[in-house]
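*Asks:* One letter stands for each residue in the lines below.
4 protein chains.
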Amino acid sequence: MEKTLNISMWQKRLEDFAKERDWDQFHNPKNLAMALSVESSELVEIFQWLSSEQSENLDEKSLENTTHEMADILLYLIRLSSKLNIDLEDALEKKFEINKSKYPVELARGTAKKYSELKSE
Amino acid sequence: MEKTLNISMWQKRLEDFAKERDWDQFHNPKNLAMALSVESSELVEIFQWLSSEQSENLDEKSLENTTHEMADILLYLIRLSSKLNIDLEDALEKKFEINKSKYPVELARGTAKKYSELKSE
Amino acid sequence: MEKTLNISMWQKRLEDFAKERDWDQFHNPKNLAMALSVESSELVEIFQWLSSEQSENLDEKSLENTTHEMADILLYLIRLSSKLNIDLEDALEKKFEINKSKYPVELARGTAKKYSELKSE
Amino acid sequence: MEKTLNISMWQKRLEDFAKERDWDQFHNPKNLAMALSVESSELVEIFQWLSSEQSENLDEKSLENTTHEMADILLYLIRLSSKLNIDLEDALEKKFEINKSKYPVELARGTAKKYSELKSE
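Protein chains in written order, with my numbering: chain A, 1 to 121; chain B, 1001 to 1121; chain C, 2001 to 2121; chain D, 3001 to 3121.
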C-alpha cells in the first residue's frame, strides 16, 4: 500500500497548535531551526554508544524513542516549511537532482567521500 | 491545492540511489542519524548570526540554501524510516497526540517553558 | 610535561579578535551557542561514515581536520565563558562531581545506560 | 588573577573515570564526537526560545544549566584530545592563526559573512 503524507493538513494542524498556545512569538525561522537541530541530537543520543550492528537491531524501547524523535524532527520541518512558504515536495525533487549530479554512480560507488573530494581524484 | 508527499516513492528512490552507489554498507541507522544531525546543523549555520527579524526576511540566496538543507534533512529522515521500517504518518499522529497532552493549552499559553516545568507551577 | 591552558589569555585574545572586527553585535550567548553546536557537527561530519575502528586510526588529513574542529569548539567555549563570566575550571570541578555521583562505579560498570535508567534496575 | 586549566590533570582524571567504569569500549573517537555534539545541543536547547537580549540576561537557573552543559562539552573535548593524542593549546594557536587570515580585519569588520563569501566582494 502506498504511503503518502498530507503536508497541507499537517501544516494547518501545526499552525493551529501554535496559535492556540500563542507560540507564534517564539516560532521564527531562527528558533525553529535551532529546535529542529536539538531534536535531531536527541535522535543521535539514542545511537551514540551503540555499535553499528546494534543500531540495526534496536530493542522495542529504543525503536519507540527513535520513532518519537523522528516525528519531532518532521513536525519542526513541516512547521518551518509553513513559515517560509517552502514546498517540500519540490525541494526534494530539486535537491535529489543535485545529489545525483554531485555523486555520479561511476565516481561514488563504494566510497563515502564527500563530493568535493570525488572530483579531485 | 493540497500538497501531499509520496513517502513510498521517495523511500524507493533513495533505496535505489544507495544501491547503485553501493552505499548500504555506510547507511546503518547510527550513521544515518549522525548524517541527519549534520544536515540540521547546516540549516542552523544559515541562521546563526541573523537576528530573529532577519530570519523572517531571508534574501533569495539564504532561502534557497534553507530549502536545500531542509530537503537533505527530509531525505535522510525518509531513508532512516525505510531502514527501520517506521511509518512516518503514524509516527506524526502519535507524537502529535503526545505533544498536545504535554502542552495543554491552558498551561502552555504564551510560555516557552518545557513541559517538565509546566507541571510544577 | 604538564600541559596547561591559559584561559585568561585566550579570553582576552578572543575579545580583541571580536572587537577589531566589530563582532560583539553578533556574539550574544544565543548565537555563540548555535555557532558552537555547528562546529561540533563539523566534527561529527568527519566521523559519520567511518566505522568505530576507522575512527581510532585516522589518516593524517582527517586527524588535522579533527584538530581544527576541536579548536573551533574550544574557541567558542572560551568566548562564551568570557561573555557569561563563567569560570571553566570551577565548572569542570562541579560537573565532574555530579557525573561521579550520577554514575557510581558499581552501577555504571560496563554499561552505557543513561543515569536515569541506572537507578531503576 | 590568571585562570589556567590543567589539561594533563583532567585528561588523567577522565581516563581513570572511564577505566573504573569499563567505558573504554564505548569511548572511540566516533562515539565521543557524537556525545560532544549531543551536549552542545543541550546547550542550544537552553537558548532556543530566548531572544538575543534574554540570552544576555540569564536567570540563575539557566546560567547554572549553561555552566553544566559547557562543562560537559569541555570534558568530552578533553577526553577526545586524550584519545587522539591532540595538544589542545597547540591546536588553538594554529586555528587562531587560520581564523585571523580567513577573516582579515579590513574585510570582516562589521559583517557576519562567511570567509568564503568575503573574498568574492
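Accuracy of the hints is not assured; some may be wrong.
To be verified - Capping the alpha-carbon separation at 30 angstroms, the derived lysine-lysine pairs in BS3-like fashion look like this:
(1) B:Lys1113 to A:Lys3
(2) C:Lys2003 to C:Lys2102
(3) C:Lys2113 to D:Lys3019
(4) B:Lys1119 to A:Lys114
To be verified - Chain A stretches covered by chain B per the calculated footprint, using a threshold of three residues with CB under 8 angstroms from any CB of chain B:
(5) 43 to 53
(6) 63 to 69
(7) 107 to 115
FYI, nobody ran anything at the bench for these hints, they're computed from the structure.
Beta carbons are placed, not taken as given, at the ideal position from N, Cα and C, and that holds for glycine.
*Asks:* Taking the hints in turn, state whether each one holds.
*Replies:* We went through each hint and held it up to the structure:
{"no.": "1", "hint": "B:Lys1113 to A:Lys3", "result": "35 angstroms, violated"}
{"no.": "2", "hint": "C:Lys2003 to C:Lys2102", "result": "28 angstroms, holds"}
{"no.": "3", "hint": "C:Lys2113 to D:Lys3019", "result": "16 angstroms, holds"}
{"no.": "4", "hint": "B:Lys1119 to A:Lys114", "result": "46 angstroms, violated"}
{"no.": "5", "hint": "43 to 53", "result": "holds (count 8)"}
{"no.": "6", "hint": "63 to 69", "result": "holds (count 4)"}
{"no.": "7", "hint": "107 to 115", "result": "holds (count 4)"}
The structure fails hints 1, 4 (numbered hints given earlier, in ascending order).
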